[in-house]
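K.L.:
Read off the chains here:
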Amino acid sequence: MAVFSRPRQALMLASVLGLAMSATACGGSDDSKNNSGSGDCAAYEQYQGNDGKTVSIYASIRDAEADLLQQSWEEFSDCTGIEIEYEGSGEFEAQLQVRVDGGNAPDIAFVPQPGLLARFAESGKLKPASAETKTMAEKNYPADWLKYSTVKGTFYGAPLGSNVKSFVWYSPKMFAEKGWKVPTTWAELMTLSDQIAAAGTKPWCAGIESGDATGWPATDWIEDLMLRTQTPEVYDQWTTHGIPFNDPRVAAAVDQAGQILKNPKYVNGGFGDVKTIASTSFQEAGTPIVQGKCALHRQASFYANQWPQGTKVAEDGDVFAFYFPAIDPAKGKPVLGGGEFTVAFADRPEVQAVQTYLASSEYANSRAKLGNWVSANKGLDINNVKNPIDKLSVQILQDQQTTFRFDGSDLMPAAVGAGTFWKGMVDWINGKDTASTLTYIENSWK
Amino acid sequence: MTTTPTRPAPATAAAPPGGAAARVRKRLNTRTATVVSIIIAVLWTIPTFGLFISSFRPENDIKSTGWWTFFTDPQVTLENYQEVLFGRTASSGQLASYFINSLVITLPSVLFPLAFAALAAYALAWINFRGRDWIYICVFALQIVPLQMALVPLLSFFSEGVTVGGVTLLPAWGLTGEERFIQVWFAHTCFALPLGIFLLHNFVSQLPRDLMEAARVDGATHPKIFRTIVLPLITPALAAFGIFQFLWVWNDLLVALIFAGGGKQTAPLTVRLAELAGTRGNEWQRLTSGAFVSIVIPLIVFLSLQRYFVRGLLSGSVKG
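These protein sequence lines are chains V and E, in that order.
Number 269 in full-length UniProt numbering belongs to position 269 of the first sequence; there are no gaps in the numbering.
Number 101 in full-length UniProt numbering belongs to position 101 of the second sequence; there are no gaps in the numbering.
Here chain V stands alone, though its shape is the one from the complex:
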């Protein structure tokens, strides 16, 4: 090309290419994984017969967690000869739709929103789970979970990982120093808040800024309080629009949340007044706890990864979490959570084998052993769960008393659950009253 005929530019291009080449040469070498393939393959007998086949999996899980995911099925791959091609993307929800429309759907997707799952199921894109997968899932997962991947009586896939959202983070050190006790009832929680506020610190810190998903942490608050002020049945009606969004019972739950979130004496520890909740990012919202400027932060189990480097997350460490107490303990233990479901867009035998394997307790244990993971799988041995917070989450999920409900905004239609609900909560934090906020959301739900 004439453009590059000058020696200086040619040299530049050559040196750039050279740089890139040598850089990759360095980067490519640390691919060696600890090969545990020598283990015995007897456990995988039922998945045999698909040697040399490839199954593609698409999900929103990426980075370090994706590494662990890929490690967790390595032995399965080695033994059965099924190669699993994993791909994680931050634009999962939008991309999945494009790929499915374009006829390029992945074999298996881990869908974290039952609402999205139902949409794919209803448009006939999803393949119903095989009988083996169904049996495996029914054996290992509670019915509370399975109903979220059952659309119009057809079962589409088992849950995989889970998280527990009904947690309040605190600093065990700070509590020990000040002589505070972890509250086990709602009344104790409010007394403790008053006590901390009287001592001169704002007890709660919160933040709902999260890029284009700003508002979601506040929706979790509302859902948690819906579960606490109402019965699980009312909660189900609310998420399926059986009762209007501006029903007085919903308003009561929102006001209950407002007693904390919109109380200038309680928030926003370490940041400022109530309105700073809307501008504080969810990733940083709990940081004041480590700095001693805030005592309580309601956030899901996965917040464990957000603490500053070097923070010890344990019962005797720098931070830990307690169960967000129920208002009326006699009604049981309501738990709000989330998780992803393994659904298939193909029904080839190797795809079904992988789907069944992912529903098994062997898989849950294999993944849990690598750390940083929670699942509602009943066969999960709690001794295989390493992190204290994950252990606590699994205990809560496996507790017989627990009434589990899925994150409501993931069950609602995307226009509401990932749209006006988020936006409404931002307005609400910024001073809009409960009634008009709920009416605004209700009007958007058609």
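Bear in mind the hints are in silico, worked out from the structure with no lab data behind them.
Among these hints, one or two may not hold up.
Stated by the list, open to error - Here are the simulated BS3-like cross-link-like pairs (lysine-lysine), alpha carbons at most 25 Å apart as the crow flies:
1. E:Lys264 with V:Lys275
2. V:Lys312 with E:Lys63
3. V:Lys275 with V:Lys181
4. V:Lys173 with E:Lys264
5. V:Lys53 with E:Lys264
6. V:Lys312 with V:Lys181
Quantities reported herein were computed from a predicted structural model and do not represent experimental measurements.
Fit chain E to the known structure of chain V by using the hints.
P.N.:
For chain E alone, coordinates are given in the frame of chain V:
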């Protein structure tokens, strides 16, 4: 290019002395204008500069204080770069290996449109055939089609082929693994051609007719004219369009995400960069150094071809 033939264009461009253009130029040459432009340049650079400083700060500092505290409490670490370039685990970085993917995607995606657009521009401007103007108008009109509208059809074109009324006109391409680069090249070439043909056509059609006729009289064929006369003369325009296309493809996330996928074999830097922050954004400090790693090549390309860029921009705008 060994010799730069003098172009007649500037004579027409600077035609009326003392016209509006000249007055604007005069006004832009004053000292105040210079000061203002320097201030604007500084203001625009500050965020990038802050990001640059941040990329050398330790993770906890990035997350707890602003970059300006660097000046009162300088703490320098190369850890962010170490992490994104050669990261410990398979997915904590290794931008280095995605670098090659980006180059493999970008170079053909720039060269193909350049070649096709130059040929098409020449044909549309200097070869007489029936329907020439209509083709040009169609190409011109295609510029207004947003590429997002073509994503799903193009994807199904690759994965399902073309079937009209049960008759398979084109079978599915069935591209897997590294073959998916072909999809990306194809997509980028398609999306670039309307603008490319339009820009180059403007340029090529301005070449003096005498030159072409003289060559024709001397017995030169179209390929010969294209190679020996047109190509050397439109080099600035080619370079300008090339830079445009290069920056666009290098920075592209959407097309790559859909046609190359996020796998290690084919994903470019941008796709990797978008995932660097982790599932819930807890590792966002990596984005600082990641951004600077991905900026290096476009900077080099831009700075080394900057002359052409400005010249090409002007030539496109003045004629139109």
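K.L.:
None of the hints should be skipped; say for each whether it holds.
P.N.:
Going through the hints against the structure:
{"no.": "1", "hint": "E:Lys264 with V:Lys275", "in the structure": "violated, 43 Å"}
{"no.": "2", "hint": "V:Lys312 with E:Lys63", "in the structure": "holds, 17 Å"}
{"no.": "3", "hint": "V:Lys275 with V:Lys181", "in the structure": "violated, 29 Å"}
{"no.": "4", "hint": "V:Lys173 with E:Lys264", "in the structure": "violated, 43 Å"}
{"no.": "5", "hint": "V:Lys53 with E:Lys264", "in the structure": "holds, 19 Å"}
{"no.": "6", "hint": "V:Lys312 with V:Lys181", "in the structure": "holds, 20 Å"}
In this structure, the earlier hints numbered 1, 3 and 4 are contradicted, and the remaining ones agree with it.
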